[in-house]
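There are 2 protein chains.
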Amino acid sequence: MSKHKILLVKDIIIGMSDGLTVPFALTAGLSGVLDTNHLIIVSGISEIAAGCISMGLGGFLAGQSEVEHYETLLQREYYEIENVPHLELKEVEDILMAMGVEEALSKQVALQISKDKDRWAEFMMKLELEMEKPAVNRAAVSAGTIAVSYLVGGLIPLFPYVIMHDSKSGFIVSCITTLISLVIFGYFKSKVTGQPVLKGTIKVALTGVIAAAAAYFLAKAVS
Amino acid sequence: MSKHKILLVKDIIIGMSDGLTVPFALTAGLSGVLDTNHLIIVSGISEIAAGCISMGLGGFLAGQSEVEHYETLLQREYYEIENVPHLELKEVEDILMAMGVEEALSKQVALQISKDKDRWAEFMMKLELEMEKPAVNRAAVSAGTIAVSYLVGGLIPLFPYVIMHDSKSGFIVSCITTLISLVIFGYFKSKVTGQPVLKGTIKVALTGVIAAAAAYFLAKAVS
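Heads up: the sequence lines are chains A and B, in that order. Numbering-wise (this note's numbering), the first sequence opens with residue 0 and increments by one. Numbering-wise (this note's numbering), the second sequence opens with residue 0 and increments by one.
Derived from the structure by calculation, the hints contain no laboratory data. It is possible that part of the hints are untrue.
[Said to hold, decoys possible] Between beta-carbon pairs, the in silico distance windows are: (1) Glu131(A) / His37(B): 30 to 40 Å; (2) Pro84(A) / Gly143(B): 40 to 50 Å; (3) Ala139(B) / Asp115(A): 20 to 30 Å; (4) Lys132(B) / Pro84(A): 22 to 32 Å.
[To be verified] According to the in silico footprint, chain A covers these stretches of chain B (three or more CB under 8 Å from chain A): (5) 2 to 9; (6) 42 to 48; (7) 61 to 68; (8) 131 to 144; (9) 192 to 202.
[Stated by the list, open to error] List time: in silico PhoX-like cross-link candidates among lysine-lysine, alpha-carbon distance up to 20 Å: (10) Lys114(B) / Lys125(A); (11) Lys114(A) / Lys106(B); (12) Lys125(A) / Lys2(B); (13) Lys132(B) / Lys9(A); (14) Lys125(B) / Lys132(A); (15) Lys132(A) / Lys132(B).
Here a beta-carbon is modelled for each residue, glycine too, at the ideal position from N, C-alpha and C.
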């Protein structure tokens, strides 16, 4: 998979993990204390809207900040390269020596890297600050992907309450559809993230079940 | 700040961002369609429980997977170092040449790095796979921090509905307390993440307000 595709799939996973879990748990919780589905649906829609915006817009703004933060630190590296090149050169040498390169050789390599200021700054960002360059124009795409995935994930546990007539049957159908979806989603997530499939699938499904159980019993308790 | 403290603050930010936003938006949405606070409180508590578990447990399991994934790839690098060292050595040379180091010098440096297999494997992880070593024992602490921060963040918009007698006054007090909290939180978040304070604070507050407005009007629309 290309790096671009990996990032896309990661965003889908981020959005769908929470989308399948939280609206599922919330509607399950409310189904324990309400007989009719109307308010469950209203709550579910409110929650999905809030979650989409919090994760999507929040993610977008965080992505933007990350790009700005990277740029600020990069400019500082360029500034140091211009103004205190001897100190920056020493830092390159130190990093190389920490990798196991001998001092004399480190000095030579540092000199060669420092011939190109862009590469030099990039070296410092990656190896001194341990920061990877964030993709500048991805923030919007990433936010949109997360929001849509949350929406899709959230509608799965919600729609049974729309088609069923009472909260008990809505709850049962919602549990079945969501559990199947969690298992399918857990399977693909494990494949993509390179985890053992069985273990990964169980983890995903269990998180959803525990969240729903907690919401269900807490709702009953305070009701 | 130490690296450990930075990660802790990051987790607090992750949990509190969503905690202040989603329960605020959900309860605001429901206050538009319900007169009494009882069901708003039940929904809010269900949502906070679900969110804590989804983010906390989900985060814990994701952190565990990340450690396992890193270990798997690290073992693969060690395997390649043992079995096809000439190919791995060539990869080190290529990485160095891409940094602007001349071929002859790259060969010398690669040979020196390859003397210590641990350093060699670490070099490949960092510069070939661009993966930073995840902190092995942090997953549980990180999950706990996120969950507690979500809980604290979520209780702020919820408690006004507990102390006020009807949903309208609950909504007004919730808006005031949450907005103040979002501004304070946005201020600290901006300071910690090195953003311009005014811009950063506005971003955080705006996300909460937009999410709440969307939840409010959608709840009204479907009600």
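Going through the hints against the structure:
1. Glu131(A) / His37(B): 30 to 40 Å: Taking Cβ atoms as reference, Glu131(A) and His37(B) lie about 49 Å apart, which means the hint is violated.
2. Pro84(A) / Gly143(B): 40 to 50 Å: With a Cβ separation near 45 Å, Pro84(A) and Gly143(B) satisfy 40 to 50 Å, so the hint holds.
3. Ala139(B) / Asp115(A): 20 to 30 Å: 44 Å, violated
4. Lys132(B) / Pro84(A): 22 to 32 Å: 30 Å, holds
5. 2 to 9: It is violated: at least three residues are needed, and the segment 2 to 9 of chain B offers just 0 whose Cβ sits closer than 8 Å to chain A.
6. 42 to 48: Per the Cβ count (5), the hint holds.
7. 61 to 68: Our answer is that it holds, as 3 residues pass the Cβ test (under 8 Å) against chain A, meeting three.
8. 131 to 144: violated (count 1)
9. 192 to 202: holds (count 5)
10. Lys114(B) / Lys125(A): Judged against 20 Å, a Cα distance of about 23 Å means the pair is violated.
11. Lys114(A) / Lys106(B): The hint holds at about 19 Å.
12. Lys125(A) / Lys2(B): The hint holds at about 16 Å.
13. Lys132(B) / Lys9(A): 19 Å, holds
14. Lys125(B) / Lys132(A): OK: Lys125(B) and Lys132(A) at ~14 Å, within 20 Å.
15. Lys132(A) / Lys132(B): 17 Å, holds
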